[in-house]
Amino acid sequence: MNQKKISEVYQNNSVKISVRREWCKSCGICIEFCPKDVLVPDDQGKPIPENIDACIKCGLCELRCPDFAITVEGVDKKDE
Amino acid sequence: MKTVIDNYIRKEMFPNIWCPGCGNGIVLGAIIRAIDELKWDKNKIVAVSGIGCSSRITGYVDFCTMNTTHGRALPFATGIKMANHDLKVIVVMGDGDCSAIGGNHFIHAARRNIDLTAIVINNMIYGMTGGQYSPLTPTDKFGSTAPYGNIDQSFDLVELAITAGASYVARGTVYNPRQSTSLIKRALNKKGFSVVEVISDCPVSYGKMNKMKSPVDMLKWIKDIAVSKKVWEGLSPDEKKGKYAIGEFLSKDRPDYSELYEEIIKKAQKMGGNE
Ligand SMILES: Cc1ncc(C[n+]2csc(CCOP(=O)(O)OP(=O)(O)O)c2C)c(N)n1
Ligand code: SF4
Ligand code: SF4
Ligand code: SF4
Ligand SMILES: [Mg+2]
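Heads up: the sequence lines are chains A and B, in that order.
For the first sequence, the numbering used here begins at 1 and goes up steadily by one.
For the second sequence, the numbering used here begins at 1 and goes up steadily by one.
To be clear, the hints were calculated from the coordinates, so they are not data collected in a lab.
Some hints here could point you the wrong way.
Think about it this way: if two alpha-carbon atoms lie no more than 20 Å apart in a straight line, the pair counts; the simulated EDC-like pairs of lysine to aspartate or glutamate are [stated by the list, open to error]: (1) K220/B x E22/A; (2) K213/B x E32/A; (3) K16/A x D6/B; (4) K16/A x D37/A; (5) K44/B x D86/B; (6) K2/B x E73/A; (7) K223/B x E32/A; (8) K243/B x E159/B; (9) K220/B x E32/A; (10) K88/B x D224/B; (11) K267/B x D256/B; (12) K44/B x D62/B; (13) K211/B x E32/A; (14) K11/B x D41/B; (15) K240/B x D224/B; (16) K252/B x E159/B; (17) K88/B x D62/B; (18) K11/B x D37/A; (19) K211/B x D86/B; (20) K223/B x D37/A; (21) K2/B x E22/A; (22) K241/B x E159/B.
Turn these sequences into a full structure, and let the hints guide you.
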């Protein structure tokens with residue numbers, strides 16, 4: 001993947017996870033405390049939602065991120 | 001990517017200046033989400049802070065803001081509130097800011113029941129200046145000025161605020177961001193002096209000296225020491241050591257200072273014949 005991108009968007013048909021890479025400081029909080037182990041660190045320690053299908057949209061990664069660098073949105077199914 | 005947060009921040013100031021994993025950013029998020037739920041007009045909100053890492057919050061929010069001097073955020077905020085009762089005034093302080101140099105202002109703002117919301121980011125240390133212990137550093141923990149362990153007994157800010165006369169008192173943590181947001185929302189809605197202490201992590205100044213080097217270590221620790229009010233009540237005095245009860249501890253109604261001030265002005269005008 002392109003490490004220089006400012007923001008990355010990942011989605012399946014029920015959830016959309018965006019990572020604002022420019023603001024992320026690789027603290028590891030979102031990765032460690034995700035209840036479903038959705039997130040894994042890339043080589044810079046920034047989260048990649050590798051197991052996005054396991055995401056329950058609890059939003060905790062977003063609420064605990066000190067840098068407003070990760071967001072979770074439910075995808076509007078009408079667009080599928 | 002666009003979030004609700006983006007409507008309330010000065011985007012050009014980001015990424016923020018705080019160290020990776022610093023709890024200040026989590027508290028900032030909780031404050032913003034609480035205000036978004038209340039749908040308050042940004043231009044009617046004044047955020048006031050003192051000096052410290054936590055006090056940098058006022059630089060990031062797109063409200064009316066004032067960054068004052070160490071320990072004196074409450075006196076400045078009091079002046080703002082007395083000059084214009086319609087403004088919603090939020091004061092953000094660090095534990096040192098609020099309970100050491102600003103301790104007197106804190107108890108008297110509570111005693112007078114000034115209609116402000118004080119959010120105290122308790123990372124249990126002077127973060128900005130390199131880890132000196134504060135009145136909220138727990139006994140036996142380490143600081144740069146307590147290299148053999150802190151012998152002081154710390155304040156319980158919740159008890160202090162209740163005793164001094166606050167109208168609303170609660171405690172949350174950065175590990176529990178949803179609860180912290182709702183406590184802050186309730187505090188903001190309360191007329192009178194409202195206080196929310198948020199237990200936070202400073203991995204750099206506190207964590208380093210207390211064997212918790214990473215933000216993740218610190219959040220695990222916070223998760224461990226914070227217990228709900230209900231659980232707290234069932235603990236023995238020994239079990240309570242080193243733990244913190246979290247939740248809402250007081251919500252009561254009594255006339256706030258602006259109200260009493262307006263009444264006394266009316267009374268004075270009447271007596272002076274200037275009605
Ligand atoms: C009158 C005065 N005394 C001392 C200082 C130095 N000083 C700056 S911040 C600070 C303490 C910071 O601790 P805290 O309030 O807990 O905030 P934190 O950095 O932990 O968020 C001190 C002592 C100062 N700026 N002004
Ligand atoms: S929303 Fe919850 S489950 Fe989904 S990635 Fe974030 S923390 Fe994990
Ligand atoms: S919590 Fe935020 S800053 Fe920390 S690693 Fe996750 S996205 Fe990055
Ligand atoms: S020194 Fe501590 S409180 Fe200050 S920004 Fe770094 S982690 Fe946060
Ligand atoms: Mg502090």
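Is K240/B close enough to D224/B, meaning Cα to Cα at most 20 Å?
holds (12 Å)
For K88/B and D62/B, compute the direct alpha-carbon distance and say whether it is at most 20 Å.
Holds: K88/B and D62/B sit about 14 Å apart, inside 20 Å.
Between the alpha carbons of K11/B and D37/A, is the straight-line distance 20 Å or under?
violated (30 Å)
Against the 20 Å threshold, does the CA-CA distance of K11/B and D41/B hold or violate the hint?
holds (19 Å)
Holds or violated: are the alpha carbons of K267/B and D256/B at most 20 Å from each other?
Holds - the C-alpha atoms of D256/B and K267/B are around 17 Å apart, at most 20 Å.
Would you mind confirming whether the straight-line C-alpha gap from K2/B to E73/A stays at or under 20 Å?
holds (10 Å)
Holds or violated: K223/B with D37/A, Cα cutoff 20 Å?
OK: K223/B and D37/A at ~18 Å, within 20 Å.
Would the hint linking K88/B and D224/B be met if the CA-CA limit is 20 Å?
violated (34 Å)
Does the alpha-carbon distance linking K2/B and E22/A stay inside the 20 Å limit?
holds (14 Å)
Between the alpha carbons of K16/A and D37/A, is the straight-line distance 20 Å or under?
Distance ~16 Å between K16/A and D37/A Cα, so the pair holds.
K220/B paired with E22/A [C-alpha distance capped at 20 Å]
Violated: K220/B and E22/A sit about 26 Å apart, past 20 Å.
Given the hinted pair K241/B and E159/B, is their Cα-Cα distance within 20 Å?
Given that 20 Å is the threshold and the Cα spacing comes to 16 Å, the pair holds.
Against the hints set out earlier in the document, violations occur for numbers 1, 10, 18, 19.
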